[in-house]
Amino acid sequence: MNTLITLVICLAVLAGFAWTFRRLGQYGTRNAPEYRDMPFGVAFGYVLGVVVLVWLGLAYVASLGSDPAVANKFFFLGMAINAFVVFSIAAWLFRVAGQRVGTQSTRKLFRSMPLTASFGILMILIYGILAIFAAWIAPYGQDEILQGVAANIIAGGDVALGGDPEFPLGTDQIGRDIMSRLIFGAQNTVGIAFATTLLAFFLGGSLGFLAATVGGWTDQILSRGVDVLMAIPSLIFALLLMTIASVWSSRLGIPLTVFMVLIIAVIDSTRVFRLARAVGQNIVVMDYIEAAKLRGEGMWYLVFREILPNATAPLLAEFGLRFCFVFLTIAALSFLGVGIQPPLADWGTMVRDSAAFINYAQFAPKAALTPLLAAGAIALLTVAVNFVVDWMLHKSSGLKE
Amino acid sequence: MGNVLSIIVQRLALGVLTLLIVSVVIFVAVNMLPGDFAELILGQGATPEAVKIIRQDLGLDQSLVTRYFGWLGGMITGDLGTSFAQLNFQTNMGGGGGVTVADQIAPRFANTMFLAMVTAAIAVPVAVTLGILAALYRNTIFDRAANIFTLSSISSPEFFMAYVLILFLAVLNPILPSLSNIYAGMDFSDRLLKSLLPALTLTLVVTAHMMRMTRAAIISLLASPYIEMARLKGMSPIRVIVKHALPNALAPIINVIALNLAYLITGVVVVEVVFVYPGIGQLFVDSVKIRDIPVVQACCLIFAAAYILLNLTADIMSILSNPRLRHPK
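Protein sequence lines, in the order shown, are assigned to chains A and S. If you read the first sequence in this note's numbering, its first letter stands for residue 1, the second for the next number, and so on. If you read the second sequence in this note's numbering, its first letter stands for residue 1, the second for the next number, and so on.
Excised from the complex, chain A in its bound form (with noise of 0.2 Å):
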């Protein structure tokens, strides 16, 4: 209830100083226009931004100070605040090179982008490096309990605070080092993921050009088996043939990695076919469809060599957005522990061991961090892909408003 009150007085100032900040502006100016017409909404906005942006400095500036009680309370935000300003760089930076450096084309293409596109170009390459590379990059195995070193090291490599300059991310519960899962959660998580998507689309697409094509009750059959499916939610759905497939995998010998990505394709195809039989069915009309038609091609070749080149643009726009989507269903499966099982390094399941952790928050900071940063991970990768796919169609629509 404090809380509330504060909030109320807290607002009112606001509304007083923003009042005061407008009658200033017309004073001063003389009644210039801009201040004349500034509707009090705009000036409330102006007056909350620049306080907001002052409240920020001055926590970044109390996270650097020495008093830890004050010091930890600000430690994720002055963080936060730090990876804001150094992204920034690196994507400004990323931008100029892609300016100055490549073929006519990209570097066009780069002159033109946001700065939030080329974040997200930027932390894709970096993924897909850390993805590829894991094993040369990361210190440790993924799976590795490295003997005689203790379990759980806090991060920071503060031997003071009980950490170990040798494991700057400290290490988990059994004693493996957590920058080395990290690296590897990056293959796995992020592999499992493409592969399923890449699987999706492959069922989806195929499906969904070959009802475009063969109309009919092929169409109807294959149309009112997608709307049953998607009227279950996925995730839910999921968790149910998980629980099927987590007995058969146990019968069959099967890892259960492999039954979710079967299962995460499927129902994802749902989605990815109704695109791919609406975008086929508008190019089925078209006269080169007729024409390949009459020259008697088959099926196949309709499907793979007229439909598909012809319909590349609006997929791949989906893929981007699919990924991301099949991404947070596999990291909330394993978040739930249904999802990527252990050994493999996954993150879900890094969030899901550490997230008690957090509660140590105020007085041992870096301990909060592990499930933290296995949890940005997931974010920061989908926010990026969001990121150039968001720019991609709005270059693609041509909208300017």
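Since the hints were derived computationally from the structure, they do not count as laboratory data. It should be emphasised that the depicted structure is a prediction, and the values quoted were computed from it without experimental measurement. Mixed in with the good hints, there may be bad ones.
[Claimed, not checked] The following label-pair restraints were derived from C-beta to C-beta distances:
#	chain 1	residue 1	chain 2	residue 2	range
1	S	Leu14	A	Arg251	35 to 43 Å
2	S	Leu14	A	Gln281	16 to 24 Å
3	A	Gln281	S	Pro174	51 to 59 Å
4	A	Lys395	S	Ser224	22 to 30 Å
5	S	Ser321	A	Pro39	28 to 36 Å
6	S	Lys52	A	Ile137	55 to 63 Å
[To be verified] Beyond 10 Å from chain A on every Cβ pair, some chain S residues (computed):
#	residue
7	Leu12
8	Thr47
9	Thr66
10	Gly78
11	Phe188
12	Ser224
13	Pro225
14	His244
15	Pro247
16	Ile316
17	Ser318
[Unchecked claim] Which bits of chain S does chain A cover? Going by a derived footprint, with three or more residues having C-beta under 8 Å, they are:
#	stretch
18	149–161
19	302–308
The beta-carbon is built from N, C-alpha and C at its ideal position, and this holds for glycine as well.
We have chain A already, so just place chain S on it with the hints.
Same frame as chain A, but now just chain S:
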């Protein structure tokens, strides 16, 4: 008006049909389990006699079709069977009259509905207001910041949002409790306080989408002649948007609100696990882990029913608010 009524009845019938087919899908999926329930219940110590008795008890010796209709009839009359965990307890410890699945689900279902309602009560007004503001101040720094913020919160996983909120609102600044231990007989304000943090997490996730759609729906109308007219007669921008653009943009906005409430159903599972909120999502996940098939089946059907119902509502709402949809081409 008769036309509208017949369309609604038609949609409802379609919804019921979908639900029936979904129940078949769920039933068939569950029956793809290797072995059968009896062995699963007894686990390691399954003797042939015990398996036989339990098979008879559960009616597993009957055909698939008979069992399906038995299960469906039970579902409709509210008899959801008994969970394996309870059965196991009874067979090992003796005693009867255990807790049925319906008894387990009912209070949790009420809790989940409470959480969803609190979320909707916060998210819908906030999202629509922010969407209107973003449309009003489009292409300003506020709009850009809102765009980046919403895009990030749409694309982060729910548990990331949940832990960040826990970190800042429960651990570093102890304002709200990080665990929602809700029990029967709590008074309303206490209950609200305890479920505020999960509700805020869900709000963050759904608000972003609703706000973007509100903004897009309003902006797509701004080029219309009647908006131009309103502007030319000297109306203030906020009045133009609220009085002229918003009513016409209502159909897509209502639609996206209903769809997002349907999305809440999925989001609720992860969030309930994070906050140990005693809702149906947590029961579902726990049952999935111990392979408690009757509970999984029942929860799955309830989730699917709620999902279909909300999608149906979105459908009917958009037909009601847009007369053009009442006349099929």
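Evaluated hints:
1. S:Leu14 to A:Arg251: 35 to 43 Å: 39 Å, holds
2. S:Leu14 to A:Gln281: 16 to 24 Å: 22 Å, holds
3. A:Gln281 to S:Pro174: 51 to 59 Å: 57 Å, holds
4. A:Lys395 to S:Ser224: 22 to 30 Å: 25 Å Cβ-Cβ, so the 22 to 30 Å window holds.
5. S:Ser321 to A:Pro39: 28 to 36 Å: Distance hint for S:Ser321, A:Pro39 holds at roughly 30 Å.
6. S:Lys52 to A:Ile137: 55 to 63 Å: This hint holds: roughly 58 Å between Cβ atoms.
7. Leu12: 14 Å, holds
8. Thr47: 20 Å, holds
9. Thr66: At roughly 21 Å from the nearest Cβ of chain A, S:Thr66 sits farther out than 10 Å, so the non-interface label holds.
10. Gly78: At roughly 21 Å from the nearest Cβ of chain A, S:Gly78 sits farther out than 10 Å, so the non-interface label holds.
11. Phe188: 14 Å, holds
12. Ser224: Correct as stated: the minimum Cβ-Cβ distance to chain A is 13 Å, above 10 Å.
13. Pro225: 17 Å, holds
14. His244: Fine: 17 Å to the nearest Cβ keeps S:His244 off the interface.
15. Pro247: 21 Å, holds
16. Ile316: Given that every Cβ of chain A is farther than 10 Å from that of S:Ile316, nearest at about 16 Å, it holds.
17. Ser318: 18 Å, holds
18. 149–161: Coverage by chain A holds for the stretch 149–161 of chain S (9 residues, Cβ < 8 Å).
19. 302–308: Answer holds; 4 residues pass the 8 Å Cβ test.
Checked against the numbered hints given earlier, this structure breaks none of them.
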